[in-house]
Amino acid sequence: MKFYYIPCPDQKCAETIARTLLQEKLIGCANVIPGMTSMYWWEGKIETSSEYILILKTLESSDAGKNLESRVTELHPYDVPCVMALDVASINDSFKNWLEQSLK
Numbered sequence: 012m013k014f015y016y017i018p019c020p021d022q023k024c025a026e027t028i029a030r031t032l033l034q035e036k037l038i039g040c041a042n043v044i045p046g047m048t049s050m051y052w053w054e055g056k057i058e059t060s061s062e063y064i065l066i067l068k069t070l071e072s073s074d075a076g077k078n079l080e081s082r083v084t085e086l087h088p089y090d091v092p093c094v095m096a097l098d099v100a101s102i103n104d105s106f107k108n109w110l111e112q113s114l115k
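The sequence shown: position 38 = 49 (this note's numbering), numbered continuously.
Wrong hints could be hidden among the right ones.
Said to hold, decoys possible - FRET-style restraints, in silico, Cβ to Cβ:
no.: 1; residue 1: GLU26; residue 2: LEU97; range: 20 to 28 angstroms
no.: 2; residue 1: THR31; residue 2: GLU111; range: 15 to 23 angstroms
no.: 3; residue 1: ASP98; residue 2: THR59; range: 13 to 21 angstroms
no.: 4; residue 1: ASN108; residue 2: SER61; range: 17 to 25 angstroms
no.: 5; residue 1: ASP21; residue 2: SER101; range: 27 to 35 angstroms
no.: 6; residue 1: ASN103; residue 2: SER61; range: 31 to 39 angstroms
no.: 7; residue 1: GLU54; residue 2: THR84; range: 13 to 21 angstroms
Said to hold, decoys possible - List time: in silico BS3-like cross-link candidates among lysine-lysine, alpha-carbon distance up to 25 angstroms:
no.: 8; residue 1: LYS107; residue 2: LYS77
no.: 9; residue 1: LYS36; residue 2: LYS56
no.: 10; residue 1: LYS23; residue 2: LYS68
no.: 11; residue 1: LYS68; residue 2: LYS107
no.: 12; residue 1: LYS13; residue 2: LYS56
no.: 13; residue 1: LYS77; residue 2: LYS36
no.: 14; residue 1: LYS23; residue 2: LYS36
no.: 15; residue 1: LYS68; residue 2: LYS115
Hints were generated in silico from the structure; no laboratory data involved.
The beta-carbon is built from N, C-alpha and C at its ideal position, and this holds for glycine as well.
My request is simple: use the sequences and hints to build the entire structure.
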């Protein structure tokens with residue numbers, strides 16, 4: 012299983028990406044978390060912005076991961092979106108089974 016961490020500019024963007032990936036069966040679950048403040052370098056200066064965190068849950072598969080990353084990049088409005096895959100060390104059997112069924 013993998014989690015994907017993706018900052019989004021607003022709730023609408025996060026929900027659009029999540030719904031699209033759910034419909035395409037690339038993910039089984041998404042969490043949209045409001046209220047993040049991001050600070051970063053952009054075009055030679057430090058920027059600050061409010062963002063939403065999008066956490067996506069999917070099974071580990073190199074093809075699925077590549078498809079997910081390219082779809083997020085296509086759907087995301089940022090010039091350089093962050094699409095960060097995080098490996099999950101363990102997962103309870105019932106959730107894993109549910110996720111497997113959700114992606115069929």
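Evaluated hints:
1. GLU26 with LEU97: 20 to 28 angstroms: Holds: the Cβ-Cβ distance is about 21 angstroms, inside 20 to 28 angstroms.
2. THR31 with GLU111: 15 to 23 angstroms: Since THR31 and GLU111 have Cβ atoms about 21 angstroms apart, the given range 15 to 23 angstroms holds.
3. ASP98 with THR59: 13 to 21 angstroms: violated (30 angstroms)
4. ASN108 with SER61: 17 to 25 angstroms: violated (37 angstroms)
5. ASP21 with SER101: 27 to 35 angstroms: At 33 angstroms between Cβs, range holds.
6. ASN103 with SER61: 31 to 39 angstroms: holds (33 angstroms)
7. GLU54 with THR84: 13 to 21 angstroms: holds (20 angstroms)
8. LYS107 with LYS77: holds (21 angstroms)
9. LYS36 with LYS56: Violated - the C-alpha atoms of LYS56 and LYS36 are around 39 angstroms apart, more than 25 angstroms.
10. LYS23 with LYS68: Distance ~19 angstroms between LYS23 and LYS68 Cα, so the pair holds.
11. LYS68 with LYS107: Holds, at about 10 angstroms.
12. LYS13 with LYS56: violated (33 angstroms)
13. LYS77 with LYS36: Between LYS77 and LYS36 the Cα gap is close to 14 angstroms, so the pair holds against 25 angstroms.
14. LYS23 with LYS36: holds (20 angstroms)
15. LYS68 with LYS115: holds (14 angstroms)
The earlier numbered hints that this structure contradicts are 3, 4, 9, 12.
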